[in-house]
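Trainee: Here is what each chain is made of, one letter per residue.
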Amino acid sequence: MGMKATTLADAITVFNPREPLVGKELVEFYVDRPGNPLERMKIYLQGIGLRGEPVKLLFSGHRGSGKSTELNKLAEALKNQFFIVSVNLSKIVNVSTLTYQDILMGMALALYRRAEESDAVARSPAEAIHNVWKEAVSFLRDKIYGPAFALRPPASPEEVTLKVSIWVTELETKYGLSADARQKLAKYIDAHFDELHAKMDLIASLVWSEIKRPVLFIIEGTDKTDIARAKEIFRDHTYALTAFRAAVIYTFPIELAYSGDFKQLTISFNRHFSLPNLRLTHRDSAPDVEGVAHQREIVECRLAAHLIEPDALVLLVQACGGVVLLLIRMTQSAAVYALSRGANKIEIEDIRSAIAEERSDFIRMLKPEQYPVLAERHNDKTLSSQPEVQELLHNLSLLEYANDDPWCDVHPVILPVVQERTR
Amino acid sequence: MSMPAALPDNLPEYLARPDLAELSVLLRHAQHGAFAFALYNTVAVRDQVVAALRILVAPLPVYEFTLTSQQRNPLSYLEKLPAETRRQRAVVFIYDLDRANTPDQPDTTWGYLDAQREALIEYPHGLVFWLTEQGATDAAQYAPNVWSRKSGVFDFKIESLPVLSQARADWSGRAVEIEKAEDLERLTRLYLGLLEEYQAEANTPQALIADLHGKVAFLLFRSYRHHEAVNHLNLQLEFARQSGNTAIEAQALLNMGDVQNFRDERDAALESYSQALGLFRAVGARLGEANVFLALGDIKRATGDIAGAEMDFENALKTYQTIGDRYSQGLAYYRIGDCAADRLEHEAALAFYQKAASAWTEIGLSDLVEQILATRIAEAMKRP
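Listed in order, the protein sequences are those of chains A and B.
For the first sequence, position 153 matches number 153 in our numbering, and the numbering has no gaps at all.
For the second sequence, position 178 matches number 1178 in our numbering, and the numbering has no gaps at all.
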């Protein structure tokens, strides 16, 4: 049975701004986009990664541009060639206080868990696993839980699997919730990250010897921290993030791509890929027919045609500025507006209500001094490394687009207010 | 806008607005859950909006969770839900995200909220975060990852000053009534919010602030949050003295005595009651005076001075009879009965318990008869 919304009530569930596409929804609702770097990333990973080179990639895009969905799609496409370990750091730690130690620990935990889940480690040589186990127990006993922590060593390789699973769960819980545990771990990792790398390399090699697939980490959450912290992580701890022998894709805050030290930041990474927003126009303001068509398709593949007036769809696409998350949220809002006024389809007034809601949001966020900057960027469409521009990119009032060179424009929802206030 | 029949037709302006219908539509139909932000500028209206939404989202279960400076993690709301229903659809109202921050840690709750986004998404709950306008601005800035995944912002602010004043006055002017256990948390949240709103305004009468501190203190005392209750009682005393309102000052001293008595600080309690008695007498507040006698009688009986206690209870009873307060007469009667029972005069005790029972039954408080008197009556009847 298809999952496409056939009623407005369905639309409220189908257009869910909380979660990226995954599983069946990914199959049914995914729409490729012009300028999508996914294919290039795939070729890069297949071309170099599969030859044994531990590729390290950076992946950026606006908040809400669809990065998570694209990474889910990439994982789906590469799942038979790579041993994919997806890590969403937001699920483990507070990303606003993210450190490189958090990233490494999150990766190590996810690798153990994934290897255990897929039986890749369980079928590996028992001795190697016993060593990993012994080290893990002594680490937990000596560094985290104290002497009260006492687990008997596992009796058999089968039991190892269970035990590893149990302590990873315990560690994840402890690690995510306790500041004290995090500090202890951070100090330990600082002093021992070569060991941690070696352990990750060991597991990766066990996976390779068992299933003949290289490990590919997909790390989400590294784009959600603030710019200063992201700089510290990617600039000052490049070695820690790149020295192990597994391929990685790190999400990366888009604002950082326009910082003065971007080149220095990325020198140790193989490539930086950016997920562009869908365009409504070209830089010269000529309509981008292909971009608009893709945005329509995103709505049309999830929503039965009779549920939205054609004019309303045109206005919806124009208003979202090419940001997929906004397109999803505004469709959901419009469905709520339509249903609450007793209508059976989304009409232009519902889209106007959704626009007004988004506009209020921008007005709430923007400071008076930001309006002139937005007006200037609307005129010259030029991106720069100025902090005020980075801030506007961060709050989505300024959107990055790309043809050949990247350019920017003011979000269409807030543009009338910008023009009015800077007249 | 269509409304279920359960809501009355003559809804006030702050309920008869599209945002109420839109929020209820979202909560009813978002099968996988949603993040919604609801804006308010007075807790008086917030409470009524929530009451209306409870009706509109039925049969979905509704839970309420208040963040505090001790509990700033929004994910803790899960502890309020029965474990077996945590994975089922529900609507959860989360209050005081902005108030739970302290001046030394102004962003903490936002950090928690943002950090818990992925965990919050795991559950099919419609989460409604109640925020002030400033709170919404802060949420957008400091919790951008949750803010960006919201399904909507619903506005329940009141723009009209007279309506705003009336909505607040409806609550600040009434006596605190706790009918069921859940009322305690709801009313504490409400009166704390009301107090904050009035304090933020210039020209709020100090007597009103004093009265609200007293109400908050009473609720906190009933929630066993004695330390906080005492803080509010001290503030009630301070504002009552500043405003020259002797009746409120006397009430604050009586309340303070109750807290001190509960904490076994009997000397301090006696001192507070004695001061309260003097002030109530000075302003001719007979009910207050009787209430002090009742409290003094409780202390005396607890220390074994049965005769002294009985005298105080009888004094209280006379005044309650004079002013025709049947509920308080019941309180005095059963305490006099307790004194008789202490002296093993069970027949006399039974007579007073029965007087208390008829006073309460007369005014429809049979549940109190059941809770407080039934055992006493049974016990007295068993004795020779």
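Simulated from the structure, these hints should not be mistaken for lab results.
Quantities reported herein were computed from a predicted structural model and do not represent experimental measurements.
Heads up, the beta-carbon is just placed ideally off N, CA and C, and yes, glycines get one too.
Check before you lean on any hint, since a few could be wrong.
One-sided and incomplete, this derived list gives chain B residues near chain A with beta-carbon spacing under 10 Å [stated by the list, open to error]: (1) Pro1012; (2) Leu1015; (3) Pro1018; (4) Glu1022; (5) Leu1060; (6) Pro1061; (7) Tyr1063; (8) Gly1111; (9) Asp1114; (10) Arg1117; (11) Leu1120; (12) Arg1149; (13) Lys1150; (14) Gly1152.
Trainee: Given B:Lys1150 as an interface hint, is its Cβ closer than 10 Å to any Cβ of chain A?
Mentor: holds, 7 Å
Trainee: Does the interface hint hold: is B:Pro1012 within less than 10 Å of chain A, judged Cβ to Cβ?
Mentor: violated, 19 Å
Trainee: Using Cβ atoms only, decide whether B:Gly1152 comes closer than 10 Å to chain A, and label the hint accordingly.
Mentor: holds, 6 Å
Trainee: Min Cβ distance, B:Pro1018 to chain A: is it shorter than 10 Å?
Mentor: holds, 6 Å
Trainee: Tell me if B:Glu1022 is really an interface residue toward chain A, meaning its C-beta lies closer than 10 Å to one of theirs.
Mentor: At about 5 Å, which falls below the 10 Å cut-off, the nearest Cβ of chain A leaves the hint on B:Glu1022 intact, so it holds.
Trainee: Checking hints one by one. Is B:Gly1111 an interface residue toward chain A, by the C-beta closer than 10 Å rule?
Mentor: This interface hint holds because 5 Å falls under the 10 Å limit.
Trainee: Hint validation: B:Leu1015 versus chain A, beta carbon distance must be below 10 Å. Holds or violated?
Mentor: Cβ of B:Leu1015 sits 14 Å from chain A, so the hint is violated.
Trainee: Does B:Asp1114 pass the interface check with chain A, least Cβ-Cβ distance below 10 Å?
Mentor: Check passed: Cβ of B:Asp1114 comes within 6 Å of chain A, closer than 10 Å.
Trainee: Does the nearest C-beta of chain A fall within a distance shorter than 10 Å of the C-beta of B:Leu1060?
Mentor: Violated, because the Cβ-Cβ distance from B:Leu1060 to chain A comes to roughly 14 Å (cut-off 10 Å).
Trainee: Under 10 Å is the threshold here; is the Cβ of B:Arg1117 close enough to any Cβ of chain A for the hint to stand?
Mentor: holds, 6 Å
Trainee: Interface hint check: B:Tyr1063, Cβ to nearest Cβ on chain A, cutoff 10 Å. Holds or violated?
Mentor: violated, 19 Å
Trainee: Double-check B:Pro1061 for me: the hint is only fine if its C-beta lies closer than 10 Å to a C-beta in chain A.
Mentor: violated, 19 Å
Hint check: violations occur at hints 1, 2, 5, 6 and 7; the rest are consistent with the structure.
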